[in-house]
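Mind docking these for me? Both chains are given alone in their own frames, and the hints should help you get the complex.
Residue numbers (the numbering used here), protein chains in the order written: chain A, 46 to 159; chain B, 312 to 428.
Possibly wrong hints are sitting among the right ones.
Part of the chain B face toward chain A, derived, beta carbon under 8 Å [said to hold, decoys possible]:
hint, residue
1, 344
2, 354
3, 358
4, 361
5, 406
6, 414
7, 415
8, 416
9, 419
10, 420
11, 421
Computed list of chain B residues with no C-beta within reach of chain A, every gap over 10 Å [what the hints assert, rightly or not]:
hint, residue
12, 326
13, 331
14, 338
15, 339
16, 370
17, 373
18, 380
19, 381
20, 382
21, 383
22, 389
23, 396
24, 428
Everything labelled a hint here was simulated from the structure, so no lab data went into it. No residue lacks a Cβ here, since even glycine has one placed at the ideal position from N, Cα and C.
Residue-level listing of the chains:
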Amino acid sequence: EAQVTQNPRYLITVTGKKLTVTCSQNMNHEYMSWYRQDPGLGLRQIYYSMNVEVTDKGDVPEGYKVSRKEKRNFPLILESPSPNQTSLYFCASSPRGSGANVLTFGAGSRLTVL
Amino acid sequence: AQTVTQSQPEMSVQEAETVTLSCTYDTSESDYYLFWYKQPPSRQMILVIRQEAYKQQNATENRFSVNFQKAAKSFSLKISDSQLGDAAMYFCAYSPYNAGNNRKLIWGLGTSLAVNP
Chain A
46 EAQVTQNPRY LITVTGKKLT VTCSQNMNHE YMSWYRQDPG LGLRQIYYSM
96 NVEVTDKGDV PEGYKVSRKE KRNFPLILES PSPNQTSLYF CASSPRGSGA
146 NVLTFGAGSR LTVL
Chain B
312 AQTVTQSQPE MSVQEAETVT LSCTYDTSES DYYLFWYKQP PSRQMILVIR
362 QEAYKQQNAT ENRFSVNFQK AAKSFSLKIS DSQLGDAAMY FCAYSPYNAG
412 NNRKLIWGLG TSLAVNP
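Extracted from the complex, chain B is given alone in its bound form (with noise of 0.2 Å):
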């Protein structure tokens, strides 16, 4: 079975600093993509950035990027210039490529990140 670890449960980093949050997952897949999603405070749930797995680039979205390492079952998401904005939980998150019928997300239990000015 397919899981995710997020072995950071809190974080912390200065204002415009940069920071980097770990996750790993199991499968045996060879395709798939995997997700960093934050949630605020309001509790919303909010796509940060998607990496397929099948491409080696990493994926950035502005100040969000990642670093995948594939072979490792490593995906990092790195955040530079770090905002008051994204003090959030964040959340790994996983998914089969072909997912049949089910596209279920399989979750880490994610990193709560304060952003201290």
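Bound conformation, chain A alone (with noise of 0.2 Å):
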């Protein structure tokens, strides 16, 4: 089945303590991005790829960093978490072409900051 995998679903962490979130793709797809989605905020980019080593800021990259080593997969790392962290986080990937716009999402990770 073509998916977006990601891991933890849920996590609950104390502030300081260094996580990563995993997000690995089936699908051959160039195109990976984070987001976060808080509510009155809607969803905002953190980080984008577009190919293997190619990475990039979004909106709020601040507090994060990204890797992309393998074309598959693209964590998500919290060096120091902070309680403003506390959020659900999307993964999605999406090909070259004509479907390069039409994201697929992982099924989300919900992340507590204490």
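Structural data, given as structure tokens:
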């Protein structure tokens, strides 16, 4: 089944404890991105990647890092999480070509930082 | 900057009835995509329908159809024969046609749809 897989789905952590949210897609998509969803603010892009080793900042990159060492994987790293990073996170991917603007989303990762 | 506005935070519909969700957007681009995504309680973001701005014909997907008014920058979603499983948050989103390296979607804040049995 074609899908984007995020892990963990739920995580409660404490301020300053490094964590990584993994994202993997099995559709050979070139483009991957991360969004966070917050009440009243909607979905906002954190980082995106056009291909392996090509990443760039979105609208709200502060406090986050990403890497794209393999085409299928695009992990989101919170080096020192803070309570304002409590949010619902989505990874998404899309192919090159005519379907380029259609994003396939993961199931979301609910992160709580205490 | 492009913006997407959904003016109805909440709506409700009776099962089997028809409901229309509103969306307006602002852009200076002539070519772009518009989307409706559904987010059920599971939180999964599911594509409902997509419209290319250069196409005059309104997109349809089974019980879901859009009314795309390019000049008015309006993109409403009509759900016919509403079912209990249609209850969800619905998001309108915009993407430039030629987004370069970033295929970012610009999102509205959503409309919460309740379906009453």
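Going down the list of hints, with the structure as the test:
1. A hinted interface residue such as residue 344 of chain B counts as satisfied when its beta carbon comes closer than 8 Å to some beta carbon of chain A; here the least separation is about 5 Å, so the hint holds.
2. Here the hint on residue 354 of chain B is kept, as its CB sits about 4 Å from the closest CB of chain A, short of 8 Å.
3. Using the Cβ-Cβ criterion of 8 Å, the hint placing residue 358 of chain B at the interface with chain A is satisfied: the shortest such distance is roughly 6 Å.
4. About 6 Å separates the beta-carbon of residue 361 of chain B from the nearest beta-carbon of chain A, less than 8 Å, and the hint is met.
5. The beta carbon of residue 406 of chain B comes within 5 Å of a beta carbon in chain A, closer than 8 Å, and the hint placing it at the interface holds.
6. The restraint placing residue 414 of chain B at the interface with chain A holds, with a minimum CB-CB distance near 6 Å, inside the 8 Å limit.
7. For the restraint placing residue 415 of chain B at the interface with chain A, the shortest Cβ-Cβ distance is roughly 5 Å, inside the 8 Å limit, so the hint holds.
8. The beta carbon of residue 416 of chain B comes within 7 Å of a beta carbon in chain A, closer than 8 Å, and the hint placing it at the interface holds.
9. Checking residue 419 of chain B against chain A: minimum C-beta separation of about 7 Å stays under 8 Å; hint holds.
10. With a cut of 8 Å, the hint placing residue 420 of chain B at the interface with chain A holds, because the nearest CB-to-CB distance is about 5 Å.
11. Annotation: residue 421 of chain B was flagged as interfacial toward chain A, and the flag holds, the nearest CB pair being 7 Å apart, inside 8 Å.
12. No beta-carbon of chain A comes within 10 Å of the beta-carbon of residue 326 of chain B; the shortest separation is about 27 Å.
13. Under the 10 Å C-beta cut-off, the non-interface status given to residue 331 of chain B relative to chain A holds; the minimum distance is some 21 Å.
14. Residue-level check passed: residue 338 of chain B sits 14 Å from the nearest beta carbon of chain A, beyond 10 Å.
15. Non-interface call for residue 339 of chain B relative to chain A: holds, since the shortest CB-CB distance, roughly 18 Å, exceeds 10 Å.
16. At the 10 Å boundary, the C-beta of residue 370 of chain B stays outside the reach of chain A, the nearest C-beta of that chain being 12 Å off.
17. Its beta-carbon lying about 17 Å from the closest one in chain A, residue 373 of chain B satisfies the requirement of being farther than 10 Å from that chain.
18. The claim that residue 380 of chain B is not at the interface with chain A holds, since no C-beta of that chain comes within 10 Å of its own (minimum 20 Å).
19. Non-interface status of residue 381 of chain B relative to chain A is upheld: no Cβ of that chain comes within 10 Å, the nearest being about 17 Å off.
20. Against chain A, the non-interface label of residue 382 of chain B holds: every CB pair exceeds 10 Å, the least being about 22 Å.
21. For residue 383 of chain B, the non-interface assignment is confirmed: its Cβ lies about 22 Å from the closest Cβ of chain A, beyond the 10 Å cut-off.
22. Residue-level check passed: residue 389 of chain B sits 21 Å from the nearest beta carbon of chain A, beyond 10 Å.
23. No beta-carbon of chain A is positioned within 10 Å of the beta-carbon of residue 396 of chain B; the least distance is around 17 Å.
24. With a least beta-carbon separation of about 27 Å from chain A, residue 428 of chain B lies farther than 10 Å from that chain, consistent with its non-interface assignment.
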